[in-house]
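Visitor: With these hints in hand, go ahead and build the complete structure from the sequences.
Number of protein chains: 2
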Amino acid sequence: MAISNSNNRFSSKLTSQYQNCSLSALCLPIALADEDVNRLDQIIERKRPLKKGELLFHQGEEFDSVFAVRTGTLKTFNITNSGEEQITGFYCPSELVGLSGIDENHYPVSAKALETTTVCEIPFSHLEQLSSQIPSLKHQLFRLMSRKICDDQQMMVLLGKKNADEKVASFLLNLSHRFKKRGYSATAFRLSMSRGEIGNYLGLAVETVSRVMTRFQKNGLIDVDGKEISIIDMAEMEKLVGASSECATIEHV
Amino acid sequence: MAISNSNNRFSSKLTSQYQNCSLSALCLPIALADEDVNRLDQIIERKRPLKKGELLFHQGEEFDSVFAVRTGTLKTFNITNSGEEQITGFYCPSELVGLSGIDENHYPVSAKALETTTVCEIPFSHLEQLSSQIPSLKHQLFRLMSRKICDDQQMMVLLGKKNADEKVASFLLNLSHRFKKRGYSATAFRLSMSRGEIGNYLGLAVETVSRVMTRFQKNGLIDVDGKEISIIDMAEMEKLVGASSECATIEHV
DNA sequence: TCCAATTCTTGATCTATATCAGCAAGTGAA
DNA sequence: TTCACTTGCTGATATAGATCAAGAATTGGA
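Protein sequence lines, in the order shown, are assigned to chains X and V. In terms of the numbering used here, the first sequence opens at residue 1492 and continues consecutively. In terms of the numbering used here, the second sequence opens at residue 1492 and continues consecutively.
Hints are supplied without guarantee of correctness; some may be wrong.
Claimed, not checked - Subject to a maximum C-alpha distance of 25 Å in a straight line, what follows is the list of computed SDA-like cross-link-like pairs (lysine to any residue): (1) X:1718 / X:1544; (2) V:1730 / X:1576; (3) V:1652 / X:1595; (4) X:1730 / V:1550; (5) V:1652 / X:1704; (6) V:1671 / X:1597.
What the hints contain is simulated information worked out from the structure, not anything from laboratory work.
Guide: Written out as structure tokens, the structure is:
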């Protein structure tokens, strides 16, 4: 609560540290005229880093901003009536979280940092106003929301139709694509979430995630060392996932 | 193809038949000034009815419009690489289909009529332009997309965490809420989709859907007569579903 | 209205994955 | 460093729901 409501800017030292990085270009990847970039920058607030486990916002809280992840990772989740957590998404740098709150004006999920995480806060009412003046910004917003719908529907296919092997392979390749898009290695990366969180997200028991990964390693598909993952046989992994996933296979922006 | 690309207006006879129904108010439920309603009406095209089984658009086809269902029902689906159909949603009257096409400028799914169905075609580029001039329209669009994201995430929870009973109960209550919202009975309605389609959508085998419904009937929760469903014990059904579903429980618009 | 094709239902089995259990390996606080 | 706690791995067993099979009920076309 305290955290997500604190809109304080950083101290001048930290602010200046970020000033000449084209922040908004990162947050909302889009080609804008310089003056528009400035206008966008003016409404964006840098927040203090979240420590692992801290909430960015929580389920039911009033919606007023979307957030762009700068560094670190977030998860969003629901608490179901039976008290268990259901993870609905993981958010890596450059990804936008909070869009689901627009409709009801309340966040329908909570967002929690999986590691030390920094975000930009973008007050939605300002963003919406600005989008009236900058058509390409409005279009980009529509696109981002459309992509989210598309991605979520792929996730529905995964949950409804795929077996444990396909789920885990899809998950790892999806992360791989997201890292690659950001300019990081597509074949070697660190999982910021636990096995339990992966299982929760994929609709699998922890033990199943563990077993599948071990078997993938045994079969030379990947190399696992705790949270460090290397994809060894990308072709075979892609074969497992199948050429499906309309949304996921196309590289964005 | 032919169908989804034909933007021909109806003959004058049909057009006049619809002219004095406030069409846009139905398509995009929103309070607009009269002049704005007219502007919206001008960009909306009524299409000839689709017969059962006809495609409104298909996976991969270029995106140019979203569609509001007027009467009947649609399903959207992917064809997976293994050739099977995966249904990603059902669309009842007043609901908007096609939003997932904005991002890539191609529909990532196909949309097929489950029965004779009429839709309004809303060319998205026009809608987007108009939304610049009518802020409340833009906001409504953001809300609709946000709600879709929210609903899809509830669906992910359903697919990932719920058992067969909970899935079927959730499905029936979700339909019930949607009918109620439109002014129809929340307790007695007709399923326009087959058991097979329900199972496909819920990640269950046809047989399981059949068995669960039979058991629900035996236990006095519902009454089933082919495609006619009556919800007898609403309280018990809601208990089955659980008080979860942030998005679904709140009545919209 | 009749026949063929589809859809639905019900029962019998099978299986992928959950659950249970116990141990190993990290991780963090004092 | 040690201890308590969490996270991860692996084997044994249980089970929800899939699959297989066959008959019943609908549906739709001629």
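Visitor: It remains to establish, for every hint, whether it holds in the given structure.
Guide: Each hint tested on the structure:
no.: 1; hint: X:1718 / X:1544; result: holds, 17 Å
no.: 2; hint: V:1730 / X:1576; result: holds, 19 Å
no.: 3; hint: V:1652 / X:1595; result: holds, 24 Å
no.: 4; hint: X:1730 / V:1550; result: holds, 21 Å
no.: 5; hint: V:1652 / X:1704; result: holds, 21 Å
no.: 6; hint: V:1671 / X:1597; result: holds, 23 Å
Checked against the numbered hints listed earlier, the structure breaks none of them; every hint is satisfied.
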